[in-house]
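Engineer: Listed below, chain by chain, are the residues.
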Amino acid sequence: MYRIVKAQPVGLNIKQFVIEAPRIARKQRPGQFVILRLREKGERIPLTIKAADPEAGTVTIVVQGVGKTTSLLNCLSAGDSVMDIVGPLGKPSEIEKFGTVLILAGSVGTAMALPTAKALKAADNHVIFIEGARSREMVVFEDEVRDASNEHYTMTDDGTYGEKGLVTAKLNELLAAGRKIDFVLAVGPVPMMRAVSQITCPLGIRTIVSLNSIMVDGTGMCGGCRVLLGDKSKFACVDGPEFDASLVNFEVLMQRNSMYRDKECESLRDFEEHKQEELKQLREELAAKEAELEDLRADIAELSSPVEAHHA
Amino acid sequence: MPEKNTLSLKERMTISRVQMPELEAGERSRNFEEVNCGLEPADAMLEATRCIECAKPGCVEQCPVGVNVKQVVALIYAGDHLGAAAKLREDNALPAITGRVCPQENQCEGGCVLGRKATPLAIGHLERFVADYERESGRLGLPQIAPPTGKSVAIVGSGPAGLSAAGDLVQKGHRVHVFEALHELGGVLVYGIPEFRLPKTIVREEIENLRRMGVGFETNVVVGKSVTIDELMKDEKYDAVFVATGAGLPRFLGIPGEHLNGVYSANEFLTRVNLMRAYRSLEYDEPVYDCHGRDVMVVGGGNTAMDAVRTARRLGARTATLVYRRSEKEMPARAEEVKHAREEGIEFRMLTDPVVFVGDERGWLEGARCMQMELGAPDASGRRSPVPIKGSEFILPVDVAIIGVGTTANPLIQSTTPDLATNSRNYIVADPQTLRTSKRGVFAGGDIVTGAATVILAMGAGRKAAASIHDFLTENRF
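Quick mapping for you: the protein sequence lines, in order, are chains W and H.
The first sequence begins at -2 in the working numbering and counts up by one.
The second sequence begins at 13 in the working numbering and counts up by one.
Possibly wrong hints are sitting among the right ones.
[To be verified] A few chain W residues that face chain H, going by a derived Cβ cut-off under 8 Å, partial list only:
#1 20
#2 34
#3 62
#4 63
#5 83
#6 84
#7 210
#8 214
#9 216
#10 219
#11 249
#12 252
#13 253
#14 257
#15 276
Simulated from the structure, these hints should not be mistaken for laboratory data.
Small disclaimer: the values here were computed from a predicted structure and weren't measured.
Virtual Cβ for every residue (Gly too), placed ideally from N, Cα, C.
Construct the complete structure from the given sequences, taking the supplied hints into account.
Structural biologist: As structure tokens, this is what we get:
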């Protein structure tokens, strides 16, 4: 059981959670993720770590409610718990002094790119951060983005905030203005990452994308998250999630991510109909688990008191 | 002492081997209930009378954990089933599990002298009987625990090797803490072996017994990521570490089309169904491809492949076909599983190997182009290696393909522990006798050393490691 210390909405359907997970907090590096399971009957879902506080023993994750599990998770508040969190998983981002670094992040991808952006800035890079969102209410962490970059731009698809257009419009504009870019990191929806690499890779700019394939265990034991890089298969959970964009087969990634679409839509519809019931059930289940753990702790305390040989 | 068997040898030899009652094939191939139903006490006692109590019991010799079969059977014969269970538990931390999943025909029962003249003693069935009898009686014969030594051991991995080492070490008075990467304990016992062969309540109960003996458990810790071996020893002050992480990395075929939707590793398919309970898709959230009315192909000839193909059948597959590149004789799967699979309507296509997966325009699997094989000269493993027959290609129409051709070592620990020697295939190098690794205080055993093997061999390694770790902790020898 992992206690939620803080939960705050940061955008439309987007919530930031600070969760007690001391082991993960101690080891986390930018670019890594956790796998979370809400409840006994829940699925395991990957979420990028936005920040960690080793002293407080907490990690911060940002969740956009897009399906059943994320929507249910987003109903939780401080004081609630989640059943399982494991991590930090995946390889940390490559942090070096590249020169001018361009980071493009789409909606909740901003949260994922933030720790890497901070580290790149701290490594003396000139960091340009382009944040994109569908509309105003999905623009998140603008202040943090400002702090983590030397220049930053906010784009919205509908122009309700910042400049109107896609992140690639700003990218093209910077390139047209003759800006020299040494390194690109794109984090967001697959079509966005693909569009970015179609522009930057032909120019020979080293471009990294953080891939969001479907995962189960997140430790390399199943290969469900495999992605095609050229003609090689790689596991995003252990070999990534960041990969050289010039090698990534984005079509296969999109095709594989659609594998359970029917079931996902059905679960979400079902969840929306029974939202309150589901939340009540979840809270009951978590309370029962907490009680069970209390008993276990008492047993262990008893066991660790001077042991008498016990047998039948 | 149990009473002596008074029947003459001749009389004992005329009794036929007890048959395990099982669910009817048509019915069971539609659900996930356990196929084997267990023995009644009377049947178990009758079977026990068949044991001829040989002076040099080959059964004990051929059991990887050296269960004292002769004494256990004598106690069953005497009707002291709880005594038999306690005796069993001295050498075997997970008897209800091994009685169900060991390939007894190659181990204890393979060593039974009765097998030369008639059929071997049903040792696996008897082992399962006493363990189940004890569990159902609610009177558990946990072994005696030695006084605390003040030493502590970290065990990495809660599969059969880790659990068996934990059982032995805690009995010797050491503090034992098991780290597991997944959210549930048991390793392959929970994510790999399906419910119809090994009910998860039994795995949980056996682990609960270890907890009652004082073993500590922590889930959601990926050693190598959440914490390193060095940190366990330096910061968390463990005196010794036993690495039992298994060989959980799936091997794919490396043929074109393997990225298509509908192609799974057996590990993924079984993890979704077993660990995440996707077979109860109305209650549980983790999805698995709907096999209902579809054609499913499983590639491989081991227990994993057999588990996957029987699982697909239970998920409603119209056809569930096992494709293996050698012949049935070379199949490493347990004889009983092959029999059960056949009864359940699994189709066997031997001497067949897929070479390309073919998909539709949306990227979904449609079929597998396969080659017919013939057996050539024996390879390094002593088995005749399959050779493709020219011009024999044909297309097998399939909607789902599950690859169960083996697993390899997961490099997570090795990559963060540079002074832990590994071989060219990433397995940890450990002395075969002591299971010591190149790093002082660190021991390794089970599949992470030997490559994928059986539950009981991993448990044997766990026992060996425990003995060796005990020596290290008490005599400081390494």
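Engineer: Determine for every hint whether it applies to the structure shown.
Structural biologist: Going down the list of hints, with the structure as the test:
{"no.": "1", "hint": "20", "result": "holds, 5 Å"}
{"no.": "2", "hint": "34", "result": "holds, 6 Å"}
{"no.": "3", "hint": "62", "result": "violated, 15 Å"}
{"no.": "4", "hint": "63", "result": "violated, 14 Å"}
{"no.": "5", "hint": "83", "result": "holds, 4 Å"}
{"no.": "6", "hint": "84", "result": "holds, 7 Å"}
{"no.": "7", "hint": "210", "result": "violated, 11 Å"}
{"no.": "8", "hint": "214", "result": "holds, 6 Å"}
{"no.": "9", "hint": "216", "result": "holds, 5 Å"}
{"no.": "10", "hint": "219", "result": "holds, 4 Å"}
{"no.": "11", "hint": "249", "result": "holds, 5 Å"}
{"no.": "12", "hint": "252", "result": "holds, 4 Å"}
{"no.": "13", "hint": "253", "result": "holds, 6 Å"}
{"no.": "14", "hint": "257", "result": "holds, 4 Å"}
{"no.": "15", "hint": "276", "result": "violated, 14 Å"}
Taken one by one, the earlier hints fail for this structure at numbers 3, 4, 7 and 15, listed in ascending order.
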